[in-house]
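Asks: Here's the letter readout for the chains.
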Amino acid sequence: MINFGFSINRPRTIDIDRNNLRKSNEIIREMPELQACIGCGSCTATCTAGNLTEFNFRKVHTLVRRGEYQGAYEEMNKCMLCGKCRLVCPRGINTRGIVMLIKRKLGDF
Amino acid sequence: MTFFAKFCIPFIIGETVLFTVLAIKYFTWLRDLPKKDWKLIITNFFSLRSISALGEVISESLLHRRIFKVNPRLGYMHMSLAFGWFLLIFVGFLETIAYLGLRWIPLQGHVFFKYFVPLNGISDHIPAFDFTMDLLLLFVLSGVAMAWFKRIRSRALGMKKTTKHTFFDRIALSALWFIFPLRLIAESVTTSMYGGGSFLTGSIGNALSNILSINTLTHIYEPAWWLYSLALGTFFIAMPFSRYMHIFTEIPLIFLRHYKLQPEAKEKSYDNFEVEACSRCGICIDPCQLQSQLGINDVQSVYFLRDRRYNMLQQKIANNCLMCGRCEQICPVGINLNTLRLNSRSSMRNIPHEGRYNYLRGVDKSFGAGKVGYFAGCMTLLTPNTLNAMRSIFEAAHEQVWWADKDGGVCCGRPLMLSGEVDSAQKMIDYNKSLFAKHQISTLVTSCPICLKVFREEYQLEGIEILHHSEYILRLIKQGRLKIGYQHDATFTYHDPCELGRGSGIYNEPRAVIEAVGKLLEPTHNRKNALCCGSSVANTAISDAQQLTIATKVASELEATGAQAIVTACPLCKKAITRGTQQRVVDLSEIVAQNIKQ
Chain G
0 MINFGFSINR
10 PRTIDIDRNN
20 LRKSNEIIRE
30 MPELQACIGC
40 GSCTATCTAG
50 NLTEFNFRKV
60 HTLVRRGEYQ
70 GAYEEMNKCM
80 LCGKCRLVCP
90 RGINTRGIVM
100 LIKRKLGDF
Chain Z
0 MTFFAKFCIP
10 FIIGETVLFT
20 VLAIKYFTWL
30 RDLPKKDWKL
40 IITNFFSLRS
50 ISALGEVISE
60 SLLHRRIFKV
70 NPRLGYMHMS
80 LAFGWFLLIF
90 VGFLETIAYL
100 GLRWIPLQGH
110 VFFKYFVPLN
120 GISDHIPAFD
130 FTMDLLLLFV
140 LSGVAMAWFK
150 RIRSRALGMK
160 KTTKHTFFDR
170 IALSALWFIF
180 PLRLIAESVT
190 TSMYGGGSFL
200 TGSIGNALSN
210 ILSINTLTHI
220 YEPAWWLYSL
230 ALGTFFIAMP
240 FSRYMHIFTE
250 IPLIFLRHYK
260 LQPEAKEKSY
270 DNFEVEACSR
280 CGICIDPCQL
290 QSQLGINDVQ
300 SVYFLRDRRY
310 NMLQQKIANN
320 CLMCGRCEQI
330 CPVGINLNTL
340 RLNSRSSMRN
350 IPHEGRYNYL
360 RGVDKSFGAG
370 KVGYFAGCMT
380 LLTPNTLNAM
390 RSIFEAAHEQ
400 VWWADKDGGV
410 CCGRPLMLSG
420 EVDSAQKMID
430 YNKSLFAKHQ
440 ISTLVTSCPI
450 CLKVFREEYQ
460 LEGIEILHHS
470 EYILRLIKQG
480 RLKIGYQHDA
490 TFTYHDPCEL
500 GRGSGIYNEP
510 RAVIEAVGKL
520 LEPTHNRKNA
530 LCCGSSVANT
540 AISDAQQLTI
550 ATKVASELEA
560 TGAQAIVTAC
570 PLCKKAITRG
580 TQQRVVDLSE
590 IVAQNIKQ
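Going down the list, the protein sequences come from chains G and Z. With numbering that gives the first Met the number 0, the residue at position 65 of the first sequence is 64, and numbering never jumps. With numbering that gives the first Met the number 0, the residue at position 245 of the second sequence is 244, and numbering never jumps.
Since the hints were derived computationally from the structure, they do not count as laboratory data. Check the hints yourself; a few may be wrong.
[To be verified] Straight-line C-alpha distance at most 25 Å; calculated SDA-like pairs for lysine to any residue:
#1 G/104 / Z/354
#2 Z/163 / Z/319
#3 Z/265 / G/76
#4 Z/574 / G/39
[Said to hold, decoys possible] Derived CB-CB ranges, DEER-like:
#5 Z/357 / G/29: 44 to 50 Å
#6 Z/366 / G/0: 45 to 51 Å
#7 G/44 / Z/595: 30 to 36 Å
#8 G/34 / Z/346: 31 to 37 Å
Heads up, the beta-carbon is just placed ideally off N, CA and C, and yes, glycines get one too.
Work out the full structure, taking the sequences as your base and the hints as a guide.
Replies: Next comes the structure, spelled out in structure tokens:
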């Protein structure tokens with residue numbers, strides 16, 4: 000295949016009616032500011048870990064909010080908690096707090 | 000010789016409980032000390048360290064010198080209670096020896112000596128002892144009076160906010176406050192019947208015998224001693240479970256500290272000494288900006304230590320701290336508050352994940368060479384002005400620089416450590432260490448005080464000198480490699496970053512650099528007392544709005560100096576303060592770079 004320097008995600012559907020939103024609701028209840036996210040992707044653009052890996056904070060927390068927890072904990076574990084995302088977030092979301100919260104809710108602790 | 004009366008029973012129960020609990024606590028804490036700590040104790044025990052520890056016990060546990068520095072009246076209050084009570088016990092001991100010779104007398108015999116004097120047929124009083132004991136009692140009573148007054152108006156003793164006490168602390172506190180007035184009453188009633196006493200108990204005794212009939216006096220005689228004994232007994236039973244455990248814990252703590260024991264990134268038995276040495280005096284509350292600027296009242300070190308001690312520490316309390324170190328700096332007991340909070344965070348959420356950060360293997364695309372390595376740090380990468388300024392400084396000094404993280408490096412690991420994940424942070428430390436070793440640098444310069452602290456304390460970079468850019472620039476100036484044009488009309492004020500000042504002890508270098516460029520105007524809180532910008536990476540609990548509130552307050556204090564620009568030496572502080580002011584906020588390196596003389 001020709002390498003165009005980008006790829007396209009495989010088509011898929013997220014069925015919010017089927018997904019178990021319990022954890023997602025818990026997360027939003029504890030840190031409602033996450034709903035203020037406009038998805039601009041500044042967090043992902045500055046991300047130290049994202050610079051070295053495929054880690055994408057915006058993608059992971061968006062999926063988690065939709066109840067797609069598969070692999071989210073492992074992805075979040077790539078974060079180095081350096082805090083650049085918090086400084087650039089135009090909505091002033093406490094992103095480091097969100098990372099820790101998602102890990103606490105979805106991980107084994 | 001009789002040294003027993005029924006009223007002694009509460010006191011005897013109290014002392015038994017107290018000494019039993021103390022023995023159990025000390026035994027378990029010492030038994031659980033790691034081998035390394037025991038080694039330190041054994042090697043240092045027979046050295047001058049023991050003597051200097053004894054000196055500190057006298058100056059701190061008895062005289063409370065550090066509290067005098069906070070506020071003289073507060074210091075006097077604590078000293079009169081501690082040193083006064085100690086002297087009462089000590090002189091009381093000498094008194095019994097003077098009357099009865101050097102021999103064993105049960106403890107209640109010493110404590111209730113005035114009661115046992117007539118029982119043992121002593122009628123010749125030694126006036127010097129009566130006078131001294133009265134004087135000392137007055138000394139302690141003055142402290143109790145101040146403590147009562149502090150409840151009503153704490154500001155008079157230099158404290159805006161005082162500790163909210165637990166129920167058991169209140170019981171112990173009330174018992175302590177009643178001990179000395181009750182002692183005064185019991186001894187006065189005794190002198191009214193049997194003579195003796197001096198200006199205090201003697202005078203009150205005389206007045207009592209004039210007002211009351213001898214019949215009434217005999218009736219209140221025993222109850223007065225009962226009450227005194229009950230107050231003592233209650234206090235002794237409550238003591239090991241309340242804040243007053245600090246009286247006994249601070250002494251071994253001072254010795255252990257002189258033997259070079261200290262808390263570490265993981266909890267250990269030594270922490271018990273530090274946690275229980277907290278007297279909950281509340282001196283840490285006023286400096287806390289979360290308290291003074293955000294009105295958060297339950298996270299300060301005094302409450303953190305209390306919750307940790309009683310095993311009711313919640314994650315949200317442990318996490319809500321800027322770790323600015325303002326409380327640690329003022330703590331009269333010298334407890335390592337930041338380290339204790341960190342190791343609490345660590346034991347609350349540090350789950351080592353084997354595969355974590357395995358991706359670090361193979362991400363190294365570093366190139367370039369140079370004896371001086373420049374690690375900008377994540378935050379500096381977000382403040383390109385600092386980065387550009389450092390580039391022109393390096394060029395002007397003709398320095399061969401290896402840029403360690405220009406195209407995205409790996410975090411230094413400190414933010415992760417600050418949130419308690421010590422084991423995971425080690426992977427980043429290892430990565431960066433091997434990177435520095437690979438490029439064979441001899442000097443490591445960083446613009447970020449957060450990185451600086453972890454490089455110095457955790458990296459163990461043998462053979463590599465670690466410098467903050469303020470130190471590095473000052474060195475270039477001193478060596479004459481960097482020439483700076485002094486601006487006669489330029490005025491600057493300087494904000495001490497927490498991690499650089501209190502964290503790494505660097506106060507003078509940035510100031511010297513600023514003074515090479517223009518005039519430096521100091522804000523109200525500076526150096527050790529400097530305020531925190533509020534955006535500390537150690538805090539994951541406060542919101543953006545709360546951070547901004549703190550930043551605005553800090554910025555307004557800096558603006559009040561009337562300086563043309565606010566200078567700081569930390570990229571994070573710069574970002575934070577910029578949000579809180581219209582004033583120009585610059586990094587130290589920027590003002591240097593702008594004024595380089597070619």
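Asks: Next step is simple, just say for each hint if it's right about the structure.
Replies: Hint-by-hint comparison with the structure:
1. For the suggested pair residue 104 of chain G and residue 354 of chain Z, the alpha carbons sit about 19 Å apart, so the restraint of at most 25 Å is met.
2. At roughly 18 Å between alpha-carbon atoms, residue 163 of chain Z and residue 319 of chain Z fall within 25 Å of each other, so this suggested pair holds.
3. Only pairs whose Cα atoms come within 25 Å are accepted, and residue 265 of chain Z paired with residue 76 of chain G is accepted, the gap being roughly 21 Å.
4. With a CA separation close to 20 Å, the supplied pair residue 574 of chain Z and residue 39 of chain G stays within the 25 Å bound.
5. Range check, residue 357 of chain Z to residue 29 of chain G: about 30 Å between beta-carbon atoms, so the 44 to 50 Å window is missed.
6. Separated by about 31 Å at the C-beta atoms, residue 366 of chain Z and residue 0 of chain G break the suggested range of 45 to 51 Å.
7. Distance hint check: the CB atoms of residue 44 of chain G and residue 595 of chain Z are about 33 Å apart, consistent with the given range 30 to 36 Å.
8. Evaluation of the 31 to 37 Å hint for residue 34 of chain G and residue 346 of chain Z yields a pass: the beta carbon distance comes to about 32 Å.
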